[in-house]
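Chains as they are written, first to last, in the working numbering: chain A, 560 to 751; chain B, 9 to 262.
Honestly, I wouldn't trust all of these hints.
[As the list claims (entries may be wrong)] Some chain B residues judged to face chain A by a derived CB distance under 8 Å, without partners named:
#, residue
1, Ala91
2, Leu157
3, Arg166
[As the list claims (entries may be wrong)] Heads up, incomplete: computed chain A residues facing chain B, CB under 7 Å, no partners named:
#, residue
4, Gln573
5, Ala608
6, Val626
7, Val633
8, Pro634
9, Gly638
10, Pro640
11, Glu645
12, Leu647
13, Leu649
14, Ser653
15, Arg668
[Unchecked claim] Beyond 12 Å from chain B on every Cβ pair, some chain A residues (computed):
#, residue
16, Gly571
17, Glu716
18, Val718
19, Gly745
In short, the hints are calculated from the structure, not lab data. Just so you know, even glycine gets a beta-carbon here, dropped at the ideal spot from N, CA and C.
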Amino acid sequence: MPLLHATKLVAGWQHPTTAPLDFTLENGRILGLTGPNGVGKTTMLAALAGKARVFSGSLEIRPGLRVALQTQDVPPVDGLPLSGRELLALTAASPDGLPPWLAGRLDVRLDRLSGGQRHYLALWAILQAPADLVLLDEPTNNLDAAGVEHLAGALRERVARGAGVVLVSHDHDFVAQVCDRSITLGEVADVV
Amino acid sequence: MWSDLFLLPFLTGLCLALILPLLGCFLRLRDEWLAALAYAHVAAAGALLALVGGVLPALGGMTAAALAGAGKRLFARRLAGGAAFAVLLLGGWAVAVLLAANQPLAERLGHALFDGQLYFSGGAQLALVVPWAIFAGVVLLLLSRHLLLARVYPDYFRARHLRAWPVVLGFDLIAALTLALATMTMGVMGGFTLIFIPAWIAFRRAGGWRRGLAIATLIGVAGYAAAFFLALWLDQPFGPVLALLLIALGLVIA
Numbered sequence: 560m561p562l563l564h565a566t567k568l569v570a571g572w573q574h575p576t577t578a579p580l581d582f583t584l585e586n587g588r589i590l591g592l593t594g595p596n597g598v599g600k601t602t603m604l605a606a607l608a609g610k611a612r613v614f615s616g617s618l619e620i621r622p623g624l625r626v627a628l629q630t631q632d633v634p635p636v637d638g639l640p641l642s643g644r645e646l647l648a649l650t651a652a653s654p655d656g657l658p659p660w661l662a663g664r665l666d667v668r669l670d671r672l673s674g675g676q677r678h679y680l681a682l683w684a685i686l687q688a689p690a691d692l693v694l695l696d697e698p699t700n701n702l703d704a705a706g707v708e709h710l711a712g713a714l715r716e717r718v719a720r721g722a723g724v725v726l727v728s729h730d731h732d733f734v735a736q737v738c739d740r741s742i743t744l745g746e747v748a749d750v751v
Numbered sequence: 009m010w011s012d013l014f015l016l017p018f019l020t021g022l023c024l025a026l027i028l029p030l031l032g033c034f035l036r037l038r039d040e041w042l043a044a045l046a047y048a049h050v051a052a053a054g055a056l057l058a059l060v061g062g063v064l065p066a067l068g069g070m071t072a073a074a075l076a077g078a079g080k081r082l083f084a085r086r087l088a089g090g091a092a093f094a095v096l097l098l099g100g101w102a103v104a105v106l107l108a109a110n111q112p113l114a115e116r117l118g119h120a121l122f123d124g125q126l127y128f129s130g131g132a133q134l135a136l137v138v139p140w141a142i143f144a145g146v147v148l149l150l151l152s153r154h155l156l157l158a159r160v161y162p163d164y165f166r167a168r169h170l171r172a173w174p175v176v177l178g179f180d181l182i183a184a185l186t187l188a189l190a191t192m193t194m195g196v197m198g199g200f201t202l203i204f205i206p207a208w209i210a211f212r213r214a215g216g217w218r219r220g221l222a223i224a225t226l227i228g229v230a231g232y233a234a235a236f237f238l239a240l241w242l243d244q245p246f247g248p249v250l251a252l253l254l255i256a257l258g259l260v261i262a
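With the sequences and hints as input, model every part of the structure.
Dropping the structure here:
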């Protein structure tokens with residue numbers, strides 16, 4: 560059974576805000592959702608996580624699926640004495656495989672890291688959490704070229720170890736590089 | 009000096025000095041440090057009400073605080089954004105002052121609760137505080153991961169279908185009852201001092217969460233012991249001496 564199977568799925572919060580969407584996500588695959596601002600990419604991701612409402616169509620989720628969700632909200636760590644190692648321990652994420660520019664800073668407080676370093680650690684904690692389905696919203700935000708390159712490798716390695724990934728991104732090059740399939744959301748149903 | 013007259017109050021306060029800074033760190037994590045003042049005032053009002061009604065004050069204080077901790081969830085929508093704690097604080101203060109103004113018995117206890125007179129604690133209070141401090145400490149450490157996760161990754165918490173209400177209700181009850189015991193033992197502001205200042209310093213200075221808990225506990229215990237002997241030596245009420253000592257420490261090292 561696939562991890563996710565969506566048929567003419569329309570999602571929203573108070574009212575429908577996305578075009579109907581069809582897709583199937585198998586284990587070991589990465590699905591990218593792209594499209595201009597305001598077409599409901601984040602809302603669709605929230606619907607997959609059970610946060611937003613499904614207004615029409617159907618969404619079948621494999622029973623017992625463990626979901627890890629990364630949103631664009633920055634974890635509120637300013638003024639909080641929490642180290643990177645402790646952050647990873649919260650989601651049971653392994654630090655193995657972190658880039659060298661972060662691996663040596665794991666015992667530093669998160670609010671004393673740069674914005675990019677903090678973002679990547681927060682992302683890593685979700686990406687490497689024990690999960691069958693990883694949902695990522697704009698994961699390349701705040702990352703420099705080295706960070707984006709490392710993330711691409713980490714994503715491929717993560718699905719190879721057994722998981723499916725749905726990621727939302729406006730970065731077409733990144734989506735083309737890492738995703739097995741991409742869907743461009745539009746004002747109308749224009750599934751690619 | 010080490011007669012029962014001083015030893016029992018010292019040990020009772022020491023147990024609270026171990027647990028209150030820990031609780032303060034979790035309250036600060038949840039942006040709920042005002043809860044300490046709120047529960048303390050509700051507990052004081054409950055104790056005075058119990059005294060007037062002929063019931064054990066400690067029982068009244070703990071019952072009132074527990075009801076406040078569990079009951080605030082019923083008004084969560086109406087009292088969002090920390091308003092619940094402000095309302096509890098104002099309500100507790102108003103009831104306590106009115107009782108103290110109209111009942112001579114309540115007036116005496118009211119002064120003790122708000123002045124922070126630790127030296128009146130006896131064996132019965134110690135027998136209550138020791139097991140509670142151990143229980144509260146164990147529960148806080150068990151809830152620690154979920155409390156941190158709910159704060160740092162609320163969406164992950166929900167996506168994993170982790171149930172938030174047992175964690176939040178359990179924490180609220182631990183906070184309310186611990187604050188009630190602290191209020192009965194060392195007064196409203198004495199308890200608040202040990203909740204607020206060690207956690208404030210630890211959040212400023214610690215390099216990580218575990219180290220923060222250790223620093224807060226160390227500051228709480230050291231500050232408490234120093235204030236206990238200083239207040240005794242100077243023949244002053246314990247609460248204000250503790251507050252001034254820890255404020256001075258905080259301004260220097262935070």
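Against the structure, the hints:
1. Ala91: Nearest chain A Cβ about 20 Å off; hint violated.
2. Leu157: holds, 5 Å
3. Arg166: Holds. Min distance 7 Å.
4. Gln573: violated, 17 Å
5. Ala608: holds, 5 Å
6. Val626: holds, 4 Å
7. Val633: This interface hint is violated because 10 Å lies over the 7 Å limit.
8. Pro634: holds, 5 Å
9. Gly638: holds, 6 Å
10. Pro640: Since chain B brings a Cβ to about 4 Å from Pro640/A, closer than 7 Å, the hint holds.
11. Glu645: Hint on Glu645/A: holds, closest Cβ of chain B at ~5 Å, below 7 Å.
12. Leu647: This interface hint is violated because 11 Å lies over the 7 Å limit.
13. Leu649: Hint holds; Leu649/A Cβ to chain B Cβ min 5 Å, cut 7 Å.
14. Ser653: violated, 16 Å
15. Arg668: Since the shortest Cβ distance to chain B is 6 Å, the answer is holds.
16. Gly571: holds, 18 Å
17. Glu716: holds, 21 Å
18. Val718: Since the minimum Cβ distance to chain B is about 18 Å, Val718/A lies beyond 12 Å and the statement holds.
19. Gly745: holds, 26 Å
Checked against the numbered hints given earlier, the structure breaks hints 1, 4, 7, 12, 14 and satisfies all the rest.
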